[in-house]
Amino acid sequence: MPSRETWSFAGVFGTFDTAQLQRGFKVYREVCSACHQMRIPFRTLTQNGGPQFSNAQVTALAAEYKIQDGPNDSGDMFERPGRAADYIPWTFANENQAAAANGGKAPPQLTIMAKARGYERGFPWFIVDVIPFLQYQEHGVDYIHSLLNGYETAPSDFKVPQGGYYNKYFPGHVIAMPKPLSDGQVDYPKGADGKPVVPETVDQYSRDIAAFLMWSAEPALDQRKRMGFMVMIFLGVFAYLMYYVKKKVWAPLGGEAEGLPGTAPLGPTG
Amino acid sequence: MMIATGAAGAVGVASLVWPFVSSMAPDAVTIAAGAPVDVDLGPIAEGAIVKVFWRGKLIFVRNRTKKEIEDAETVNLASLPDPQPDSARVKQGKANWLIVYGNCTHLGCVPLGHEGPYEGWFCPCHGSIYDTSGRVRGGPAPANLPVPPYTFVSDAKIRIGEETKTPAAKTEAT
Amino acid sequence: MSQHATTYVPKSAFAKWFESRLPIAGLVHSSFVAFPVPRNLTYFWTFGAILIFMLGEQIVSGVWLAMHYIPQATMAFDSVESIMRDVNYGWLLRYLHANGASMFFIAVYIHIFRGLYYGSYKAPREILWLLGVIIFLLMMATAFMGYVLPWGQMSFWGATVITNLFSAIPLVGDTVVSLLWGGYSVGNPTLNRFFALHYLLPFMIAGVVVLHVWALHVVGQNNPTGVPIKSAQDSMPFTPYATIKDVFATIVFVMFFAWWVFFVPNYLGHADNYVPANPAVTPAHIVPEWYFLPFYAILRAIPDKLGGVVAMVGAIVMLALVPWLDTSRIRSSNYRPMYRQFFWVFCIVCVLLGWLGAKPPEGGYVIASRVCTAWYFIHFLVILPVIGLFETPKPLPSSIIETVLGRKGGSGIPIGATAEPSTKG
Chain G
581 MPSRETWSFA GVFGTFDTAQ LQRGFKVYRE VCSACHQMRI PFRTLTQNGG
631 PQFSNAQVTA LAAEYKIQDG PNDSGDMFER PGRAADYIPW TFANENQAAA
681 ANGGKAPPQL TIMAKARGYE RGFPWFIVDV IPFLQYQEHG VDYIHSLLNG
731 YETAPSDFKV PQGGYYNKYF PGHVIAMPKP LSDGQVDYPK GADGKPVVPE
781 TVDQYSRDIA AFLMWSAEPA LDQRKRMGFM VMIFLGVFAY LMYYVKKKVW
831 APLGGEAEGL PGTAPLGPTG
Chain A
321 MMIATGAAGA VGVASLVWPF VSSMAPDAVT IAAGAPVDVD LGPIAEGAIV
371 KVFWRGKLIF VRNRTKKEIE DAETVNLASL PDPQPDSARV KQGKANWLIV
421 YGNCTHLGCV PLGHEGPYEG WFCPCHGSIY DTSGRVRGGP APANLPVPPY
471 TFVSDAKIRI GEETKTPAAK TEAT
Chain L
3 MSQHATTYVP KSAFAKWFES RLPIAGLVHS SFVAFPVPRN LTYFWTFGAI
53 LIFMLGEQIV SGVWLAMHYI PQATMAFDSV ESIMRDVNYG WLLRYLHANG
103 ASMFFIAVYI HIFRGLYYGS YKAPREILWL LGVIIFLLMM ATAFMGYVLP
153 WGQMSFWGAT VITNLFSAIP LVGDTVVSLL WGGYSVGNPT LNRFFALHYL
203 LPFMIAGVVV LHVWALHVVG QNNPTGVPIK SAQDSMPFTP YATIKDVFAT
253 IVFVMFFAWW VFFVPNYLGH ADNYVPANPA VTPAHIVPEW YFLPFYAILR
303 AIPDKLGGVV AMVGAIVMLA LVPWLDTSRI RSSNYRPMYR QFFWVFCIVC
353 VLLGWLGAKP PEGGYVIASR VCTAWYFIHF LVILPVIGLF ETPKPLPSSI
403 IETVLGRKGG SGIPIGATAE PSTKG
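Residue numbers (the numbering used here), protein chains in the order written: chain G, 581 to 850; chain A, 321 to 494; chain L, 3 to 427.
Treat the hints as calculated values from the structure; they're not laboratory data. Keep in mind that the hints are not guaranteed to be accurate.
To be verified - Taking lysine to any residue pairs in the SDA-like style, the calculated list, with each CA pair at most 25 Å apart, reads: (1) G/LYS739 - A/LEU432; (2) A/LYS387 - G/GLN742; (3) G/LYS685 - A/ALA408; (4) A/LYS371 - L/ARG23; (5) G/LYS685 - L/HIS287; (6) A/LYS371 - G/GLY684; (7) A/LYS377 - L/LEU181; (8) G/LYS827 - L/ASP176; (9) A/LYS377 - G/ALA680; (10) A/LYS371 - A/SER342; (11) A/LYS477 - A/GLY436; (12) G/LYS646 - G/PHE672; (13) A/LYS371 - L/HIS287; (14) L/LYS361 - G/PRO751; (15) G/LYS827 - L/PRO242; (16) G/LYS739 - A/TYR438; (17) A/LYS371 - G/GLN677; (18) G/LYS685 - G/PRO669; (19) G/LYS826 - L/LEU181; (20) G/LYS685 - A/PHE373; (21) G/LYS739 - G/PRO751; (22) A/LYS377 - G/GLN677; (23) A/LYS371 - G/GLU675; (24) G/LYS606 - G/LYS827; (25) G/LYS748 - A/HIS434; (26) A/LYS371 - G/ALA673; (27) A/LYS377 - A/ALA408; (28) G/LYS826 - L/PRO242; (29) L/LYS361 - G/LYS827; (30) G/LYS828 - L/TYR45; (31) G/LYS826 - L/HIS99; (32) A/LYS411 - A/GLU482; (33) G/LYS826 - L/GLN74; (34) A/LYS377 - L/ASP306; (35) G/LYS646 - G/PRO661; (36) A/LYS371 - G/PRO751; (37) G/LYS685 - A/VAL372; (38) G/LYS805 - L/LEU181; (39) A/LYS477 - A/LEU378; (40) A/LYS371 - A/ALA324.
Construct all of the structure, not just a fragment, from the sequences and the given hints.
Quick look at the structure:
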């Protein structure tokens, strides 16, 4: 079962860590994007509650890509530099090309991967997972993090078919994706002392990419949690007021003449 | 007079309802897209199962091994929920090619090939078991995987959706 | 909603002029203001109001979603994602609507079990109860078709499994299924017609709700004792007492709702539905939404296709037959010591069925679902009719007001409930 990690965006007050999302995007761009598609527009990389790159950075980034456009006046398709409004292009022209280049099956799209994967925690955990302040919604992110760290040598009695790799966390344990990350593969921003701020290890890379995928799957997460908190406060106050209004209205009846749920009157004896 | 008027009204209502009901049936485009398709058998290795689509429905094309054919033929028919000899489910002289619809006859899931106790198919949804002839051997499925209409255009090519020779496929009940 | 005995007196000349042409103010007054309500209702009786609120919420959020959604097989999935990302507060609309369906079912199940416990289906409320069963059926159809619209893997395979249920009908089954699909399999025509029907059915629900409320106002509300209103002392006017209580309960329920929407919005969904529909691959476990799980467990418990479908439909038919299966002379289970035990056993069986419906159909789970399914039907067909015949109920209070005073020692001042239910309708 995937291990449960600590995430900045978990919990009632969780928010994305901008620096982590920026690192995660770097990992996506330098490693994952070789095969996997991410269907988000460049412009979203500037969003609040996202990686929050500057407009200039994103414009420059988009311009590095070639986007097919057209048809032009003479009816031909042409290529132009990308703009912020364009979607990040995929290495492959279409699914079939991707499938042909990857042993018959196209690598899955990563845009909402963090919500499209999960794992069963079983009874009684599935009940605990929904209780306020104990809640757990990060199954998908934890799965992705574990998966990227789950490449191992197969047990001696396990036969890994050709074109497959053994992964501890992948359902069925045979995954078509070779181990994608290795230590030191991606250069991270350096601190004043010239050393990377966070370690350049597979564990850290996979943490950052998982966080980035959570953002791409749920870009409104920060906004949602902030708004939810305010809604809860409002409803709490409103319910409190309404309770006393109700009490006041009912006063002529001699107060509460009814029970709360579960304390239904049991007749004259009860 | 009353009866005549009532009857006329009923006829009127019925003829008004008919176009509405009929419009829900497959339309001309859908029917046209249901024309027969050709499948080249050449690249299908022995033991492999290939999935093709015809009329939006999944069809398994299975190149059966000797052992699989043998397993399918030597079965006590009386013990089957939906008794049908293997020979009635393949074309004569082409016993290695099994062509069946790929949706479980229970509720339409896609059974997994080479799985289950008979190494035919196993449906992960509700646990139906099929043998190497696509016949149901256990679970809630009521019938065998039906054989679609098809014909051998040449030794290495079939045309799904067209039946010319003696009908081997009894069930086209999908 | 009866045409007489309104105590509404128009005050202004305009109101008088209007009332003599369309007496709607009088209708509202007699139905929602002066309408006498038993004084001893618990918070279980607020779920009717909560359900009306939820229906309104679902219709409004649904209409707004429909402004952005595209019912087309190649675009539906992306249009939902676009709602989540590009539309202002689109994520809020969608999470409200998706979780709202679940909240709707939580409320309706509490409402139904409250009715079962307190015998609210017994004479003279049979029609009221039947209308409720019809609403429940319409809700299930609406929820099912709504779940198909995002066109993810669960949408597609859920639609395939459920529409295939109809192929179990002898003779015409395959024709019916092909009419449902509009093709040879679930596809774009299916998605299109499900969207049209998903938009239509809630308004049909609203229509039946009007009948349901009408029937309620003819026969009056049941209460925890099951003893009818006998004197003005037993009742209070709907407004302000019940109104304010309903509003308070609804706010508390909305807080509960908001928790799901803002903090665990995907808990009740399924990860596979964030994978676009693919007709060539079945998800490992096809699981319906939680509110269908007990029925799904019953379907799978029977090792025969037609039998399973019959059992599943039968499970709902049981509900419709309850008014005639129950032989008890009294309504409320509070006074039925023996039946009360069986009621709670039945509740546990229903929860167990729900849990089993989410489990793979193998080994012990299959046996357990068969036992629970058998018990489900035994409860309705054996326990309900038989217990009523020989059970000795506890003595009933002679009136509602007696239980109120007995418990609280309140003043018991009659507070202006003007009409008894016997004079209504």
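Now for the hints, and whether the structure bears them out:
1. G/LYS739 - A/LEU432: Roughly 19 Å separates the two Cα atoms, so the pair holds.
2. A/LYS387 - G/GLN742: Holds, at roughly 24 Å.
3. G/LYS685 - A/ALA408: violated (35 Å)
4. A/LYS371 - L/ARG23: violated (69 Å)
5. G/LYS685 - L/HIS287: holds (21 Å)
6. A/LYS371 - G/GLY684: holds (13 Å)
7. A/LYS377 - L/LEU181: Within the cut-off at roughly 16 Å; holds.
8. G/LYS827 - L/ASP176: The hint is violated at about 60 Å.
9. A/LYS377 - G/ALA680: holds (23 Å)
10. A/LYS371 - A/SER342: Cα-Cα ~32 Å, so violated.
11. A/LYS477 - A/GLY436: Not OK: A/LYS477 and A/GLY436 at ~29 Å, beyond 25 Å, violated.
12. G/LYS646 - G/PHE672: Satisfied, since the Cα-Cα distance of roughly 13 Å is no more than 25 Å.
13. A/LYS371 - L/HIS287: holds (21 Å)
14. L/LYS361 - G/PRO751: OK: L/LYS361 and G/PRO751 at ~17 Å, within 25 Å.
15. G/LYS827 - L/PRO242: holds (11 Å)
16. G/LYS739 - A/TYR438: Cα-Cα ~21 Å, so holds.
17. A/LYS371 - G/GLN677: Holds, at roughly 19 Å.
18. G/LYS685 - G/PRO669: The given pair, whose Cα atoms are some 19 Å apart, holds under the 25 Å limit.
19. G/LYS826 - L/LEU181: violated (53 Å)
20. G/LYS685 - A/PHE373: holds (17 Å)
21. G/LYS739 - G/PRO751: holds (15 Å)
22. A/LYS377 - G/GLN677: holds (24 Å)
23. A/LYS371 - G/GLU675: holds (17 Å)
24. G/LYS606 - G/LYS827: violated (59 Å)
25. G/LYS748 - A/HIS434: At roughly 24 Å apart (the allowed maximum being 25 Å), A/HIS434 and G/LYS748 satisfy the hint.
26. A/LYS371 - G/ALA673: Roughly 24 Å between the alpha carbons, so the hint for A/LYS371 and G/ALA673 holds.
27. A/LYS377 - A/ALA408: Holds - the C-alpha atoms of A/ALA408 and A/LYS377 are around 22 Å apart, at most 25 Å.
28. G/LYS826 - L/PRO242: holds (9 Å)
29. L/LYS361 - G/LYS827: violated (46 Å)
30. G/LYS828 - L/TYR45: Roughly 17 Å between the alpha carbons, so the hint for G/LYS828 and L/TYR45 holds.
31. G/LYS826 - L/HIS99: violated (30 Å)
32. A/LYS411 - A/GLU482: Roughly 13 Å between the alpha carbons, so the hint for A/LYS411 and A/GLU482 holds.
33. G/LYS826 - L/GLN74: With a Cα-Cα distance of about 49 Å, the restraint between G/LYS826 and L/GLN74 is violated, given a limit of 25 Å.
34. A/LYS377 - L/ASP306: Since the Cα atoms of A/LYS377 and L/ASP306 sit roughly 24 Å apart, the hinted pair holds (cutoff 25 Å).
35. G/LYS646 - G/PRO661: holds (5 Å)
36. A/LYS371 - G/PRO751: holds (23 Å)
37. G/LYS685 - A/VAL372: holds (15 Å)
38. G/LYS805 - L/LEU181: Roughly 44 Å separates the two Cα atoms, so the pair is violated.
39. A/LYS477 - A/LEU378: holds (18 Å)
40. A/LYS371 - A/ALA324: violated (57 Å)
In this structure, the hints that do not hold are numbers 3, 4, 8, 10, 11, 19, 24, 29, 31, 33, 38 and 40, in rising order.
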